[in-house]
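So the sequence lines, in the order shown, correspond to chains B and H.
Going by our numbering, the letters in the first sequence line up with residues 1 to 231, in that order.
Going by our numbering, the letters in the second sequence line up with residues 1 to 149, in that order.
Since the hints were derived computationally from the structure, they do not count as laboratory data.
One thing to keep in mind: the hints can contain errors.
[Claimed, not checked] Think about it this way: if two alpha-carbon atoms lie no more than 27 Å apart in a straight line, the pair counts; the simulated DSSO-like pairs of lysine-lysine are:
| # | chain 1 | residue 1 | chain 2 | residue 2 |
| --- | --- | --- | --- | --- |
| 1 | B | 133 | H | 125 |
| 2 | B | 96 | B | 77 |
| 3 | B | 164 | B | 133 |
| 4 | B | 187 | B | 206 |
| 5 | H | 125 | B | 208 |
| 6 | H | 148 | B | 196 |
| 7 | H | 87 | B | 96 |
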Amino acid sequence: MNPLFLILSLFIPFQVSAQEAITVTPTKAPTKEVLDLVTKKVKEMLNQESTTVSTGPKSFIGTIFQISDTQLTINYKNQDKVILIDADTIFINAKKVKIKFSDIKSTQSILAMGYLNAQNQLTAKRIIITDLKTIENNNQVVIGTIVDISKSSPIFVLIPIKNKNTQYQITTDTKTDVVDQNGQEIKLSSLTAGQKIITIIKPDIKLKQTFYTTKIITQSKTSTSTPTPAN
Amino acid sequence: MIKEFVLTIILGAVLGFGITGSYLVVHKNNNESISANNSQLSPTPVISETVAQTTPTVTETSNLTITAPENNTVLSTDTTSIKGTAKSNSSIIISSSTQTFTGQANANGIFSININLASGANLVKITAIDSEDNQTETELLLTYSTAKI
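Taking the hints into account, I'd like the entire structure generated from these sequences.
Below you can see the structure in the form of structure tokens.
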């Protein structure tokens, strides 16, 4: 046997095996491909969930400004929506009494429930005459610093962190919920000037240029709360 | 005899160098591979950030994305979970016209907060406030109805 051939035949297979070991190095830690695959799967699941939700019943609110034999056009916050009417559509007035399509008038506000078509038009199954004022959400969330607290009345003044040129005069009452960052209830009387808070306010019906707060969440200077979703 | 002896020595030397060299190459590559994989694994938020950017959203602002429920959804139960993403550890405040619910996004910015719905249409405002006090808000129309739709 040729000695050179013998040497090569012994050495080359070992080198090939070494090369294979390099290229297919098995590691238990996920590679970029695995992470990409997981990301892709998560996206697919989210897409699937979204598709499922999209097929369910939908609703629109708005004020009617156009009526034809087969459809209504409504507007809410400068957006027009087309509501398709068919023989199955049920109409209900504000007193929860069934009415006819002919009872529906322009300028009335409605809540329409049904299914969306490909043109984003709602084929209505149920249309309810609704007062939009009862639906509107006038709540406002403000994060700011208390600059003054009245000693004689349940009022304090708040300056927003991001807009120091604005001041909110805010009233409280016994229904005002005051909690710390961890959701622990604290006394309203424990609030002090200089304290940073998040508050949910809405215009006070009784006092002009004054807001009423339903909830106050005090903010500690250093966040120590556990980042867990909570109700 | 001498010829075979020399040949054996050469063969042994070649094999020895081959084995040693190959072991070192394999060992070095293994270390690099593990190191690279570990560096890919450590920043786990990368996954969630990618998902957050491409999540099919109903309502989206730069710092707040609602993944469920979709805007304009009609629900047959009076409770639902508002799910979404915001900046990490953001405070989340959800208000309807009658109630307020609060929670916090986790380190990856993901949140899920259960809320109650009133009968009929509910305009639900969702506000996220991040650690730098930046505030982002979005609104959903959610309708609770037990009627057959």
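Right, here's what the structure says about each hint:
Taking the CA atoms of residue 133 of chain B and residue 125 of chain H, the gap is about 16 Å. The hint holds against a cut of 27 Å. Taken as a hint, the residue 96 of chain B and residue 77 of chain B pair is honoured in the structure, with Cα atoms around 26 Å apart against an allowance of 27 Å. Taking the CA atoms of residue 164 of chain B and residue 133 of chain B, the gap is near 31 Å; set against the 27 Å cutoff, the hint is violated. For the given pair, residue 187 of chain B sits about 24 Å from residue 206 of chain B by alpha-carbon distance, which is consistent with the 27 Å threshold.
For the given pair, residue 125 of chain H sits about 24 Å from residue 208 of chain B by alpha-carbon distance, which is consistent with the 27 Å threshold. For the suggested pair residue 148 of chain H and residue 196 of chain B, the alpha carbons sit about 47 Å apart, so the restraint of at most 27 Å is broken. Restraint check: the Cα-Cα separation between residue 87 of chain H and residue 96 of chain B comes to about 43 Å, which exceeds 27 Å; the hinted pair is violated.
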